[in-house]
Amino acid sequence: MEVQLLYLGALLFCVGLAIIIIKRSAIMMLIGIELLLNAANLNLVALNKLHPQAIDGQMFALFVIIVAVSETAVGLAIVMFVYRHHQTSVPDQLNELKD
Amino acid sequence: MSTIAFYILYALCAVSAVSLLFIRNLFKAALLLLVCLLSIAGLYVFLHAEFVAVTQILIYAGGLVVVIIFGIMLTTRMSGVPLRVDNNNVFAGLLASTCLLCVLVIAVREKFDPSKVTDMPATDAVRATGIQLMSSHLLPFEVAGVLLLMALVGAAIVSTSKTPRG
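Chains as they are written, first to last, in our numbering: chain A, 718 to 816; chain B, 2 to 167.
Just so you know, these hints were derived from the structure itself, not from any lab.
Here a beta-carbon is modelled for each residue, glycine too, at the ideal position from N, C-alpha and C.
Treat each hint with caution, since some may be false.
[Said to hold, decoys possible] Simulated coverage check for chain A against chain B, where a stretch passes if three residues somewhere in it have a Cβ under 8 Å from a Cβ of chain B:
| # | region |
| --- | --- |
| 1 | 751–765 |
| 2 | 775–785 |
| 3 | 790–804 |
[Stated by the list, open to error] Across the chosen pairs, the derived CB separations fall in these ranges:
| # | chain 1 | residue 1 | chain 2 | residue 2 | range |
| --- | --- | --- | --- | --- | --- |
| 4 | B | Glu111 | A | Met718 | 41 to 49 Å |
| 5 | B | Phe28 | A | Asn812 | 25 to 33 Å |
| 6 | B | Val127 | A | Met718 | 30 to 38 Å |
Just chain A, same shape as in the assembly (with noise of 0.2 Å):
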């Protein structure tokens, strides 16, 4: 069960990466990034199943929640920062530093 687990893991971690490299929309590539940071909970969870009688696996995946969720909202915050000064929350428009 835990390998198959780790399977997901894998598999969750690549369609991040995938999602984070080809969607052109900011609020797409934070949907990305939380399904990597799921993956490492995945596997955190799963292979604290090999010490049973420690649950700091657990707790990292705790910690992990908790970051994940404030780099979300700042994340949106800069992304509604940016929309209301470009009107457009796709990255590749926001140029103005180019030449």
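Start from chain A and add chain B according to the hints.
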């Protein structure tokens, strides 16, 4: 019975994650993310991580997806047109993620020894989580509180500031 439930959740998580790649509608993508996160929470229950499962449902499914949906609604002109997301770098992205997937699968198959996995003793995992959180993990717990406060204040300031910087 529980094995069937495990594989249903497993398939639900995998299918919703992969279909996130192909979906073009931003709002439906947020709903698919919700399905994926909820099924991961169900998988945590099978791993005897009940507190992490409840935290996942409360924070991710209850808070984060709602915030993302608010973000979608505030950053797109709601004119009845479906919110399309374009793709670029399709070949590079798929190549990179497929290579990484191959590396991870090979690594798991070579190095992971399933015989070392023991079933968790039938102690109260939630109780153990609370005790650890308040004893050996007290410093990260407090730091996480400060981090959440900083994120809250920072997000409020960034999203409500009127003047563009520079």
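Violated hints - listed by number, lowest first: Hint check: 4, 6 fail, others pass.
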